[in-house]
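Sequences are here, hints too, so could you generate the full structure?
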Amino acid sequence: MNAAISAEADLAAVEQVLAGDAAAFEGIVRRWQGPLINMAWRYSRDRGRAEEMAQEAFIRAWRGLAHWRREGSFSTWLFALAANVYRSELKRFPTETLPLDDAPEPSGPASQQRELEERGRYETVRRAVLALPPRYREPVVLFYFHEMDVAAAARTMGLPEGTLKARLSRARALLRQRFPYLEEMDDEHAGTEFSALKTGKEAAN
Amino acid sequence: MKPKRTIRTQQEPAGIDRTGRIEMEIDLILAAEEELMPSSGFLASVMERVQQEAAAPSPIPFPWKRAIPGILLAAGVFGWGIFELIHFGWPAPGSSTLNSLTLASPHLSPAVAASAESAGWVALALGASLLSWLLSRRLAGRGGLL
Chain A
1 MNAAISAEAD
11 LAAVEQVLAG
21 DAAAFEGIVR
31 RWQGPLINMA
41 WRYSRDRGRA
51 EEMAQEAFIR
61 AWRGLAHWRR
71 EGSFSTWLFA
81 LAANVYRSEL
91 KRFPTETLPL
101 DDAPEPSGPA
111 SQQRELEERG
121 RYETVRRAVL
131 ALPPRYREPV
141 VLFYFHEMDV
151 AAAARTMGLP
161 EGTLKARLSR
171 ARALLRQRFP
181 YLEEMDDEHA
191 GTEFSALKTG
201 KEAAN
Chain B
206 MKPKRTIRTQ
216 QEPAGIDRTG
226 RIEMEIDLIL
236 AAEEELMPSS
246 GFLASVMERV
256 QQEAAAPSPI
266 PFPWKRAIPG
276 ILLAAGVFGW
286 GIFELIHFGW
296 PAPGSSTLNS
306 LTLASPHLSP
316 AVAASAESAG
326 WVALALGASL
336 LSWLLSRRLA
346 GRGGLL
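Protein sequences appear in the order of chains A and B.
For the first sequence, this note's numbering assigns the number 1 to the initial residue and increments by one for each residue that follows.
For the second sequence, this note's numbering assigns the number 206 to the initial residue and increments by one for each residue that follows.
Treat the hints as calculated values from the structure; they're not laboratory data.
Ideal placement from N, C-alpha and C gives every residue a C-beta, glycine not left out.
Some clues are possibly wrong.
From chain A, some residues computed to sit far from chain B (all C-beta separations above 10 Å) [unchecked claim]:
(1) ASN38
(2) ALA54
(3) THR76
(4) VAL150
(5) GLY162
(6) ARG170
Covered stretches of chain B, going by a simulated chain A footprint (3 or more residues, C-beta under 8 Å) [claimed, not checked]:
(7) 224 to 237
(8) 240 to 250
(9) 327 to 338
Written out as structure tokens, the structure is:
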């Protein structure tokens, strides 16, 4: 859906809900359920929990609709609210993660590639993000969730862009230290993997 | 998602350093995340909760208008207590606090005076409880809760 159309539809739905039509909230849930579940998935890497967290975010949004100030976009407000909900949910019941130092640490490039492939190289790196210290974890999660848009990630976190960039940079340095041989994969093989992922993603969209 | 791999293969300068390559790889992995599709019952389950919330009675606002006299009364009593404490706690020159307190019942023996004082405190506490109970009953009755 076009962003402008979506913004108009969101505004109209919010007005209807505030006027007492609870059913109008369904349009909001329908439009934003995918992004909110995927955002929660990136925070928790647990599908069931992601849906629970997204549901909680929608309920909080329902309760707090009157607090949305119209000068910001609805999506910005919704993402910021969801990020707060996910953060506090994960603080209450943390996800089980390996400490960053316990992520696979191979002795050399060849064994690293082999080991990472065996254990699901991509998933290992993604889970390593969850093992980052909290102040670095969330910028990474939101930066990639917003398709590498620093401004959007900063708005969602309520941080200045400079602060977010600095934390992102530190997070990448930590990940780099953890996976020192990551770049030495077979380009042809990697290209195939990437194409498969990209095709899968496009098909899902 | 942005095609990081395409950037790497097509635009990567020959002299790009190892750090840059690792970061590109991290970008590739973290950006190319599979999309989760919401489960079929998700929308219905959220709307069910929303409808429950909408049907629930709105929370009763705190009855400030009715509570203000009680709060003022309590503040007055507290202030008076502080005043009395300071008044009796500050002995006049040449007399002790104990003297000023015991002067009020010079004709009673110390044992009887102690018992009377205790009984007085108990009576005061009972009176305060009774007043509080009556006040809360009255407020709740007006609010239609009783």
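Among the hints numbered above, which are violated by the structure, and what are their numbers in rising order? 1, 2, 9
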